[in-house]
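Student: So the chains spell out like this:
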Amino acid sequence: MITVSSILFAVVCALFIESLERGAHNLMINNMTSFHTGHLQIQDYRYEDEPSLDNAFYFDDTLLQSLESSDPYIDFIVPRIEAFMLAAGDEIARSAMVLGIDPDAEQRLNQLKDRLTDGRFFEDGDGSLVLGAGLAGRLNLAVGDTLALIGQGRFGMTASGLFEVTGLINHPIRDMNNQIVYISLSDAQWLLSADGLITNLLITPTRVRDTDILASELKSGLTDDELRVLTWEEMLPDLIEALEFDALQTRFMMGILYVVIGFGIFGTILTMTLERLREFGILLSVGMKRIKLAAVVFLETLFISVIGILSGSIVGFFILLYFNYNPIELGNDMEELFLEFGFEPIIPVAIEQDIFLWQGFVIFLIAILICLYPAIKITSLNILDASRR
Amino acid sequence: MSIIKTENLSKVYNPDTVPVHALNDVNITFEEGEFTAVRGPSGSGKTTLLNMIGGLDKPTEGKVTIDDVDISELKDSKRIDFRLNNIGFVFQHYNLIPVFTARENVSFIMLLQKRDKKEIQERADALLDKVGLAKKKDSRPVQMSGGEQQRVAVARALASEPKFILADEPTANLDTESAMNLLDIMRNMNKEQNVTFIFSTHDQRVIDRARRVITMVDGAIYKDEQQEVSEAQ
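Just so you know, the sequences run in chain order F and G. Residue numbers for the first sequence follow this note's numbering, so the first one is 1 and each next one is one higher. Residue numbers for the second sequence follow this note's numbering, so the first one is 1 and each next one is one higher.
Okay, chain F solo, but in the shape it has when bound (with noise of 0.2 Å):
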């Protein structure tokens, strides 16, 4: 009992570490596709290194129809136009990223919708838009009141129109959320003097892991050669470098957690072995093979080793599964750095099934190395000393 309770404890906090880190960078990985790059984005070319209005690209039939090739792993698509402007109050101003957006299709994407503290969510082409709270907290504006958006369109025209302030939404990415202005795609493309033009089109695949074959299909199905495509990971270099710096912090605790492991299932082990010893005397003495014993030994210590990390599988199943239901939420000043880099203050957890399949395997091999104690234990064993113990 005390050994598959020495391996159960160990696998539930392998599985609650490794799971933690996956969450956090899943959370990460989430909030940076669903609220800025999407899975997969199409740009013009030259998009990336001169963001601006000058190279946006139609949203027509036919970027829909060289899309159709690659339908069956595209689940969603996500137009979206986006531009810097000064967004002003009454008295004050400040610069804000205005993102035309199909509310319906961000809805999909991001919820973006239940993310409302107060007012409601435009309809497409109603003039009105939505605020960042962060932003509206700065402005001094409320639901009910107007802001002014200046700014240059496309090819240099003056883009300057009021709008009505619908509602405030709270962001996740506090950034973001001192700065976002959402307003609906028809809307941003009149202001912007770009009508039927986009600057990023974003694409959720069926399947997240399917996202480099849908790139390859799509890179293959555009016919323009303006137009490239591009994945979050491409999009997102520093957050790749961030989390393989993360993933290999948490390496190097699970290292040590491992060691923690093997000496706290060794002990039981030995513990195990050493009261045993005088019954594996007596078994020699009457004549049963070392050899014999010794794998008998092994594949008991190697049962009860399975058992521990069937049972730990599963309480670690049930303990991640209260805790990816309610998330760890963080407070005072943690909370704080948290959103300061731009992350919800909450540690959530993952529940893979290569989690668990990892965790397992790493503990079982940790395991079969105990076990190997008692077998060469006995092999060395005095049998006269151990029978009279």
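Source of the hints: derived by calculation from the structure; they are not laboratory data. It is possible that part of the hints are untrue.
The calculated SDA-like cross-link candidates involving lysine to any residue, where the alpha carbons are at most 25 Å apart (straight line), are [what the hints assert, rightly or not]:
#1 G:K136 / G:I185
#2 F:K377 / G:R79
#3 F:K377 / G:D57
Predicted model only: the values in this text are computed from it and were never measured.
Could you slot chain G onto chain F? The hints should help.
Tutor: Just chain G now, with coordinates in the frame of chain F:
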């Protein structure tokens, strides 16, 4: 016909640190059907002699031959095999496997010999009946008295149909009645089935029933004498 023979048998423990000469040049033979007690004070080498004969330990010098097989030269696995099929043991502290029942303890030896399942069951039951434990076949050692446990040990020792049985202080932890019962069982087996018994013992009750008494002192044979044993004893 001698089945056991020791030649210049010596055993030294801790030769490199504080050497203990447990056996000194012991030359002795044992015949089939003997009922022999090896006596002597503590540290005289009785148990060491039995361990050498039983192949539980290797001599420092000399050899032990059983039916012309030099067991001291056998490799560990071969020695264990030889012990399984030729030698029965009865230990002072019973040495039963605590998680096994009486039947399982007796059957275990025959399982190691890879006998037929039906034969194992029948023989185990018969042996336990013979030692008067028909009602305790499914009891574990913790559910039995010392005397009963030792009788299970005797049944186990007989299970493999050994050439001889070595009993190291078999009555040491038993009350008088249990000790007498056990001795009667072993003596009857010796008489009826010609099972050879060699005891290492302090117990005068055992010594009185032995037809041959070997006295050891300081690792050597001091006296080796035959004695008359009356039926009443």
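Student: Taking the hints in turn, state whether each one holds.
Tutor: Hint check:
{"no.": "1", "hint": "G:K136 / G:I185", "result": "holds (17 Å)"}
{"no.": "2", "hint": "F:K377 / G:R79", "result": "holds (19 Å)"}
{"no.": "3", "hint": "F:K377 / G:D57", "result": "holds (18 Å)"}
Of the numbered hints given earlier, the model fails none.
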